[in-house]
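Undergrad: Given next are the chains, with one letter for each unit.
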Amino acid sequence: MALAGTRSAGQAALALAIALFLGVFLVVPVATVIYVAFTEKGGGALTLVNFADFARTDLFVRSFWNSVYVSAMTVVWASVLALPLAYLTTRFEFRGAMLVQTLGFLPLVMPPFVGAVAMQLLFGRNGSVNLLLDEWFDFKIGFMEGLNGVIFLQAIHYFPFILVNLSAALRNIDRAMEEAAQNLGSHGLRLFRRIAMPLALPGFIAGASLVFVKVFDDVATPLLLNVKEMLAPQAYLRITSIGIDDPMGYVISVVLIGVAVATMWASALVLKGKDYATTQRGGGGLARRKLKPRESALAYAVVILILALVLAPHVGLLLLSFATVWSFSPLPDGYTFAHYARVLGDSSVYIKNTLLYSSLAAGIDVVIGGAIAYLVLRTKLPGRQWLDWAASTALAVPGVVLGIGYLRAFYGVKMPDGTPLAALWIVIVLAIAIRRLPYALRAAYAALQQISVSLEEAAENLGATKARTVRRIVIPLMTGGLLAGFVTSFATAAVELSAVLMLVQSNSDAPLAYGLYVLMQTPAGRGAGAALGVIAVIIVAICMGLAQLAADRSQRARGLDT
Amino acid sequence: MSKAVSIEIAGVNLSYGSTHVLKNVDLSIRPGEFFAFLGPSGCGKTTLLRLIAGFAHAQTGQVLLDGQDVAPLPPWKREVGMVFQSYALWPHMTVAKNVAFGLEERRLPRAEIDRRVANALDLVGLADFADRRPAQLSGGQQQRVAVARTIAIEPKVLLLDEPLSNLDAKMRVSVRRELRALQQRLGLTTIFVTHDQEEANTVCDRIAVMDAGTIRQVGTPMELYENPANLFVASFLGSANILGDGDGIPVPAGKRLVFRPQHATLSSVDGSNLQGRVTHREFLGATVRYGVRVGISEILIEVPFQSGSELRTVGSVVGVALPPERMLYLPA
Ligand SMILES: Nc1ncnc2c1ncn2[C@@H]1O[C@H](COP(=O)(O)OP(=O)(O)OP(=O)(O)O)[C@@H](O)[C@H]1O
Ligand SMILES: [Mg+2]
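So the sequence lines, in the order shown, correspond to chains A and B.
If you count the first sequence from 1, position 434 lands on 434 in our numbering, and the numbers rise without skipping.
If you count the second sequence from 1, position 102 lands on 102 in our numbering, and the numbers rise without skipping.
Hints were generated in silico from the structure; no laboratory data involved.
Each pair of labels, with its calculated beta carbon distance range:
#: 1; chain 1: B; residue 1: Q184; chain 2: A; residue 2: L305; range: 56 to 64 Å
#: 2; chain 1: A; residue 1: Q101; chain 2: B; residue 2: Q62; range: 37 to 45 Å
#: 3; chain 1: A; residue 1: G345; chain 2: B; residue 2: G17; range: 58 to 66 Å
#: 4; chain 1: B; residue 1: R106; chain 2: A; residue 2: T57; range: 56 to 64 Å
Some, not all, of what chain B presents toward chain A, calculated at C-beta under 7 Å:
#: 5; residue: S86
#: 6; residue: H92
#: 7; residue: R106
Just so you know, even glycine gets a beta-carbon here, dropped at the ideal spot from N, CA and C.
Required output: the full structure, derived from the provided sequences and hints.
TA: If you want it as structure tokens, here you go:
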């Protein structure tokens, strides 16, 4: 009994510490934002006046509808790119399938804002593609005009989210479902539309709603394309230009949260009762049809076109980073290493900061994620589920909102020497950590779920205490999974910008993503910005490789264990 | 309903990669026949069915429906109705929508579709369930929807892949009777796949017994039981005793002696053609089953039980009487 007492006391202390952390760095900032949005400026009375002001201001209403339009159109275009690829790779024998699958990792390697300027140079009014079109065919296409640019960039960036979810859903359909339709006289696109697509709808909606929310919340991509009339950029501009006392930034934040929650809720509603779970009942996968030579050529053309689009930002970025001058010409005038020299010289503080912040944030995430996973899956502590929910709500909080919340909640908190807490670089780390926590949490769950409880029971049976069992059995077995979680968090933290944008107070504290953002604003800084972008892509790509390696390693280790 | 068609399978060989799944299969099924494919798991029954439906492709040989080679026809042009083992009802459609699907694909007028859906559901006794979703039906009802969906398109032949395997024992008996009655009413050439011999025996006109990709024998249930062509068929349909050289009885070279347990009797040791020792005894009610060790084999013998009759004890030496007219000599 005494033992059990100390054990649950230890668990309770751990849970309390995590709750405190989440409370201070997630709940309080977000609650502050919501509270400020609903209180009178200067006074303290609760009011809806701010929302009325929001609704009366043309700029905000226009920005709201622009954001809705851009997000919806991004979903449409992303689906247009994803559908044929998903159909091709899951229903036909197609050698390009591997190529298509690797597309799924590209968005993790480079967030859309990084390639924005490069895409402007490739697809803008006077970009390479339009210059060539003009020369050869005498017309231009407004890929990047106004909102189109944002949609174009976001769609080619986010379509893999839909592709991955949709392909998984299509693969999981019991092949008899489609064979029965063929048997009754249906085939081809009609069969796809009437049977396969409805059955894969849950996967599609999951991907589409994620894309909608991500695009709605993105600050940096529109701003780098000089699109200011969207909601998330407005929140940022309002706070940075008018100050943290102006209520509009908070109202916009509440609207952003509301849209994220409403989207998730709506997708859950649409999917209610549609979780068909028609997984294979033996008999192998669907017999994939061989493509006829003409079809095969067409399929390759589609894949190569999409691949070219997806790679365009990367290629553009690389060119830009080596370019002397690049404007009004399809390719740069000349090439140089000067940008890299500059970046590795005076801008190297960005890189140093990024490595420091990302590893700290990822470390925090793995520790907290691992602890929450352990408490939820392996203990009976009352209220443990709340930790999980709290950590997961971070998904619905846009980065810019978290940034604003930190500013507001922690600016008044002064350190002994008088600097506000919100101005310390560690706050940037904490914001990034909170933003990435849901991902690390998933990884921790996955890692822990694959460890059989009996291994722990065996250790306890042999006389190890709970704490020692955790240290000697659970943590070593989870290492691979946690490591994968760490590296994934690290990689995505390295390119996190929207929260960081609000919180960076001085250049010397800025991470790489911020430096890139600042440099890209001026034509003179673009080359250096692109060089930073390339370095970011390399860092992230290496991390993804390591994460894969760690995951494989732990897979094999578990294979030996069981 | 159109007239029933015959199914002819000639010289079919089918491999998946290096696994030779169907080996020289020849088969001819008569118009209107209720035919069974019977065999152990993995012997190729489903594959043969899928070949007829157009989902599998043979390397050699032909499938003829009503004398026509169907090789050039894709599955959706074959007019071969298949009821899948898992039923494959579409969960996003109501029962009526499921049944209407094939008719809609044929671009029939709405009124005609409604009429045929109502007919098909009537036929399987599910007229009141038209607006339900498949998930809201019992296993037996789902199976009947699957049948209704298939017969609604008035296919040339009906293929049933283990249609009863998802049902409990009681349901099986009633549903297989319904299927038989339905087939009789429609006069539809039907193939019924099963690995349960009782199922095949009770409803089918003729059976093809399959083993490891080959057809071992074709015949009516009684022919197969009375006159099995080989040891596999003899032992797959009911239990059979098989004796060879070294069992204390003369057997022609290259042959085996085969007989059913109820066809042998226990007798006194002297004067019997075979002797053995009782190894176990089971009381089954109407009969008593003895295990008897003869030579290097063990055989089963079932004798009718009459109250008061004396039972042999385990360990005792007995004679086994084998009536010559019941003995079969089959190739080893
Ligand atoms: N797509 C495939 N690829 C490779 N081998 C296959 C494939 N489909 C079936 N086989 C093999 O062919 C053989 C026959 O399979 P089939 O499904 O026809 O058996 P079955 O008689 O229907 O068995 P069951 O009673 O278990 O359903 C099996 O050995 C199986 O492993
Ligand atoms: Mg089968």
